[in-house]
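Based on the provided sequences and hints, a complete structural model is requested.
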Amino acid sequence: MDLKTNPNELIKANSNFLRGTLRESLADELTGALKADDAQISKFHGFYEQDDRDLRQQRNARLLEPYYSFMLRARLPGGVCTSAQWLAIDSIGRRLGNGSVRLTTRQTFQFHGILKKSLKPLIREINRAMIDSIGGCGDVNRNVLCNPNPVQSSLHAEVYAWAKKISEALLPQTRAYHEIWLDEKPLIQNESEPLYGDTYLPRKFKTAVAVPPHNDVDVYTNDLGFIAIEDRGKLLGFNVCAGGGMGTTHGDSSTFPRLADELGFIAPADTLAVARAVVATQRDFGNRVSRRHARLKYTIETMGLAAFRREVEERAGIVFQAARPVRFSDQGDRYGWQHGVDGKFHLTLYIENGRVTDTPDAAVMTGLRKIAEIHDGDFRITANQNLIIANVSAEKKPLINDLAGAFGLLAEAKSQTRLNSIACVALPSCPQAMAEAERYFPAFLDKIEQLEARHGVAGQGVVIRMTGCPNGCARPFAAEIGLVGKAPGRYNLMLGGDGTGQRLNRLFRENLDETDILAELDELYRRYAAERNKGERLGDFAVRSGLVRAVDNPAEDYHGR
Amino acid sequence: MQATGEQHVSNEQLQSLSGPELGRLLQAIEGLSTEQLNWASGYLAGISAGGHPARPVSTARQSAQVTILYASQTGNARSVAQRLADAAAASGIESRLLSAHEFKARRIADERLLILVVSTQGEGEVPENAESLYNYLTGRKPPDLSKLEFAVFGLGDSSYTHFCKAGVDFDQALEKLGGRRILERLDADVDFDSDFSVWLPNALQVLENRQPARQAVVLPLTPRQSVTQYNRDKPYPASLIENRRLTTDQALTDVHHLVLEIDPAAISYQAGDSLGVWFRNDPAQVDEILGLLALDGNTHVRLGDKSLSLSEALLEKRELSLLHPKVVSGWARHTDSGSLDKQLADKNELRRFAAERRFIDLIEAFPGRIEAQQLVDLLGPLQPRLYSIASSPAEYADEIHLTVSALQYEAHGRRHRGAASAYLSERLKPDDNLDVYVVDNDSFRLPDDPSTPVIMIGAGTGIAPFRSFLQQRASQENPGRNWLIFGNRHFHDDFLYQTDWIEHRRSGVLEKVSVAFSRDSEQRNYVQDRLFDEGPAVLEWLAQGAHIYVCGAIDMEKGVAESLQRIAIEYAGKTRLEAEEFYQNLRHQKRYLRDVY
Chain F
1 MDLKTNPNEL IKANSNFLRG TLRESLADEL TGALKADDAQ ISKFHGFYEQ
51 DDRDLRQQRN ARLLEPYYSF MLRARLPGGV CTSAQWLAID SIGRRLGNGS
101 VRLTTRQTFQ FHGILKKSLK PLIREINRAM IDSIGGCGDV NRNVLCNPNP
151 VQSSLHAEVY AWAKKISEAL LPQTRAYHEI WLDEKPLIQN ESEPLYGDTY
201 LPRKFKTAVA VPPHNDVDVY TNDLGFIAIE DRGKLLGFNV CAGGGMGTTH
251 GDSSTFPRLA DELGFIAPAD TLAVARAVVA TQRDFGNRVS RRHARLKYTI
301 ETMGLAAFRR EVEERAGIVF QAARPVRFSD QGDRYGWQHG VDGKFHLTLY
351 IENGRVTDTP DAAVMTGLRK IAEIHDGDFR ITANQNLIIA NVSAEKKPLI
401 NDLAGAFGLL AEAKSQTRLN SIACVALPSC PQAMAEAERY FPAFLDKIEQ
451 LEARHGVAGQ GVVIRMTGCP NGCARPFAAE IGLVGKAPGR YNLMLGGDGT
501 GQRLNRLFRE NLDETDILAE LDELYRRYAA ERNKGERLGD FAVRSGLVRA
551 VDNPAEDYHG R
Chain X
1001 MQATGEQHVS NEQLQSLSGP ELGRLLQAIE GLSTEQLNWA SGYLAGISAG
1051 GHPARPVSTA RQSAQVTILY ASQTGNARSV AQRLADAAAA SGIESRLLSA
1101 HEFKARRIAD ERLLILVVST QGEGEVPENA ESLYNYLTGR KPPDLSKLEF
1151 AVFGLGDSSY THFCKAGVDF DQALEKLGGR RILERLDADV DFDSDFSVWL
1201 PNALQVLENR QPARQAVVLP LTPRQSVTQY NRDKPYPASL IENRRLTTDQ
1251 ALTDVHHLVL EIDPAAISYQ AGDSLGVWFR NDPAQVDEIL GLLALDGNTH
1301 VRLGDKSLSL SEALLEKREL SLLHPKVVSG WARHTDSGSL DKQLADKNEL
1351 RRFAAERRFI DLIEAFPGRI EAQQLVDLLG PLQPRLYSIA SSPAEYADEI
1401 HLTVSALQYE AHGRRHRGAA SAYLSERLKP DDNLDVYVVD NDSFRLPDDP
1451 STPVIMIGAG TGIAPFRSFL QQRASQENPG RNWLIFGNRH FHDDFLYQTD
1501 WIEHRRSGVL EKVSVAFSRD SEQRNYVQDR LFDEGPAVLE WLAQGAHIYV
1551 CGAIDMEKGV AESLQRIAIE YAGKTRLEAE EFYQNLRHQK RYLRDVY
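Going line by line, the protein sequences match chains F and X. For the first sequence, position 328 (counting from the first letter as 1) is numbered 328 according to the numbering used here, and the numbering increases by one without interruption. For the second sequence, position 214 (counting from the first letter as 1) is numbered 1214 according to the numbering used here, and the numbering increases by one without interruption.
Don't take each hint at face value.
What the hints assert, rightly or not - Which chain X residues stay away from chain F? Per the calculated CB distances, all over 12 Å, these:
1. Arg1112
2. Gln1211
3. Gln1476
Claimed, not checked - Residues from chain X shown here face chain F by an in silico Cβ test under 8 Å; the list is partial:
4. Arg1245
5. Thr1248
6. His1492
7. Phe1495
8. Gln1498
9. Asp1500
10. Ile1502
11. Arg1505
12. Val1515
Stated by the list, open to error - In silico lysine to aspartate or glutamate, EDC-like type, Cα no more than 20 Å apart, as pairs:
13. F/Lys120 to X/Glu1522
14. X/Lys1590 to X/Glu1540
15. X/Lys1234 to X/Glu1316
16. F/Lys116 to F/Asp28
17. F/Lys117 to X/Glu1522
18. F/Lys447 to F/Glu520
19. X/Lys1512 to F/Glu65
20. F/Lys35 to X/Glu1503
21. F/Lys117 to F/Asp52
22. F/Lys35 to X/Asp1500
23. F/Lys117 to X/Asp1529
Please keep in mind that the hints were generated in silico from the structure rather than gathered at the bench. We treat Cβ as the ideally placed atom computed from N, Cα and C, and that holds for glycine.
Structure (structure tokens):
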């Protein structure tokens, strides 16, 4: 085997700490694209180059280059922002994006359809609103997830503060972002990246902080997870877990999704040291030859969990205590109004596909803007692409409820399955997509709802996740029913997640079109309705009934029935 | 292309001329036109291939007896000049046919008999390629033309205020410098064929009268016959091999790229040339006109000495979209008396009225009755349309590419389409023939020295010649730097030939690209604004001897000229007067060249 480092490593190394030739690329008026190397470097600055794949062929025939635009993802630890920030996000999306804002499965927002010339104004504007996009994408730690649980307000405040600190501690130190986008002066002394080094991580790195019993952040699907352990509302410390990740490659059985392993319990004060130690271990031991095998999950498989744990302990100067027992009950959101322990109210809205936009059917964007104009609490984006209007006073509650109702933002009248389910962006903008997801998902769910109604299991609420490719942005391998795109109109049907994000699903049928998917699910629902135990979830039933085997060790036995 | 294996000459055998031999050759070809040079090279090739040298014609070499000079941007003047030269040759009168661009202005005093055919641009301007001659005649040190006899054939459009002004100006200048007018100046209108046929016998008579004194010698070959097989009056049937839309469905304009197949042995062109296109009128519109006038399309009518059906005449021979004021005044006699009086009262008002309408708009708003023959007599002849060629023979010797914007607009309750552009982009089908002729554009040529830097400024379909230029430059060894400045409405919708430019830049031919898309920002940025922003770079390129080429609408070119002067003021610290001089110098040095419409 040829063990040459992959080209991305060279691009990073030659980028002068992520500067590349981004300035020249931006100044080039002939093309809406960046130079190829800069399109890799740009990810570290928070944005991806995309093109409208629906238009490629026709534009090529007309001697026009592809319709390039950019997707920019902000860094917003824990998904929390103020009303003022929301208004800024809304306004930027209208003027400098494609007129919409998308809430993501990583608790942040992203703008789509940004033209090259709008990148700099856009980045300057979000920074003016005290939000940046450093490490929104790229081979560094991405946006840190944190359970947005507004009900236990003081515990959330404490945990959220750690999520922010982790995010800050794992930021790249290069001044490239500030120089290129914010026109700040270059520093005179020699620059360095004490944590990352000049080639950063071998691959993306994801971190989440969960507060049981809710696993809405899908903590085990992250490279690094912190699970809050509390006692009567006070944070005792975290169970740390590592090595989760969704991405796989079709047809390459050496790739697999994986849930994180428990490393052990730590006191809050050791949080940042452990986070840095895990990142540094991955930096030094991660695979820089094959990007497909570069995530931490493969590093841990290669090193062995015990060796990995020892390495982290040594680097962090701590010893992990035995992990505390935790129980997770769900991986979805809790919709509607909730009353917090401090007397404030919180409203979770269902945002279909996380797409904040105005359509003839629903003026979601306008509705949220109207709410932000009067709301004096905050907004929290959930890891399920939804939005919480948090910290509403008793007197504002009716006003906000009326607005949410008037603009159709309330989750009422949506099936529990729909409320539990998510899809990724996919076509036409995502360069990875092999099949539709977001554009097709609502209509697909209509058909699922019909099936559920026919079999009398409508109230149950199944976690269904659809992605356009096997990279797993919508965490399809942790769903009860996963649909992973293979080709236009064709999906792998995965079954057997447990509905709480603690068990992976497994391939049930490969490369099905819609008719076959619905036929298989019709049969599954029929048997489920007839044979389920009391309170048994669909994913659990699929395993118990032997339709799929439970996944215990994906590195060994993920592929195969 | 013509060299076969047997005729191939290896480099070792090649020996160039030097010293006195080269001097003699240069002396011999001094003052020859491009066409004559073409002919001469073929003539010499014939001798070297074993043919016998033609009988020496010693007296003939002392400059031709009559010089026929043409100056126009449309090919009309050339057409007239060509026909005069042909007719003269047929009468045994030797002549030298030249474009004003090829003519050495400073040698005019050596001429004895000069016929000048000159058209007038827009608001009375002298054609671009005759500017240096005119400037010389009216400059500070004008020549003494007391030995010159001359005649001027002016071409123009009587609906303009300054009808045939360039002809008038030349006529007066030549007289003022001592020239003797041998024929009254003719101011020919859009329909110049009839004027020409009246003028020609007089002209030939005058020339003939002067022959004996000048030892008439008939040249064994006339270059025009051997080189220019096809022209306006004898167009070449090219066939359409490709028609692709260049703009997106959302674009405000519908621009097409057309590829015509030609036989390079029969028709040749140079980067910068235009193509004259004979199109057919829209059959639907012809039917409507026939309906409105209650005429039968099968009725036979006469056009000159030809008899054809009225439908055929309207489709192929008569102008229906450029409405001439003469047609309006003529039509008035066929309508209820007085209904067009208001429009006819004032010349400017009439011109505006006509410019905004087509014949069908006129007869619909002002109904009347007319006989078939009267109709074809009233309407002027179909005018061919000119398109800047968008390809270079260096890359496409057997193709000619055009960039056609299919015009569409609503007016007078009717959806109008560009007469020629709709024909080319919609009705002309692959493998259909299209009658075309190449129109030399000698005032819009790449620099002779390929290493000269070039700045190309084009808006909309004004980009066409620059596609040709860049193909040409790409074929040259070590071409100089190239800078393209392009403007249109929307970057994503109408960036014409974007992937071509990307390829030229990738290959290193195109160094710099600047763009202005006016509808992409609120401040409506145009190429002239973009040019001004690039002031320091413009000055740097000019300091390296760059030539500037501008192609597009007249107003755009004015803006570019203005921007250049502002650059001189803003970035080079010149006064307004110095800036004006700076610009004029560029023009005099032929480093600022225009192709505007």
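Outcome of the hint check:
no.	hint	result
1	Arg1112	holds (53 Å)
2	Gln1211	holds (56 Å)
3	Gln1476	holds (22 Å)
4	Arg1245	holds (6 Å)
5	Thr1248	holds (7 Å)
6	His1492	holds (6 Å)
7	Phe1495	holds (6 Å)
8	Gln1498	holds (5 Å)
9	Asp1500	holds (6 Å)
10	Ile1502	holds (6 Å)
11	Arg1505	holds (6 Å)
12	Val1515	holds (5 Å)
13	F/Lys120 to X/Glu1522	holds (18 Å)
14	X/Lys1590 to X/Glu1540	holds (18 Å)
15	X/Lys1234 to X/Glu1316	holds (15 Å)
16	F/Lys116 to F/Asp28	holds (9 Å)
17	F/Lys117 to X/Glu1522	holds (14 Å)
18	F/Lys447 to F/Glu520	holds (13 Å)
19	X/Lys1512 to F/Glu65	holds (18 Å)
20	F/Lys35 to X/Glu1503	holds (14 Å)
21	F/Lys117 to F/Asp52	holds (17 Å)
22	F/Lys35 to X/Asp1500	holds (17 Å)
23	F/Lys117 to X/Asp1529	holds (17 Å)
Violated hints: none; the structure is consistent with every hint.
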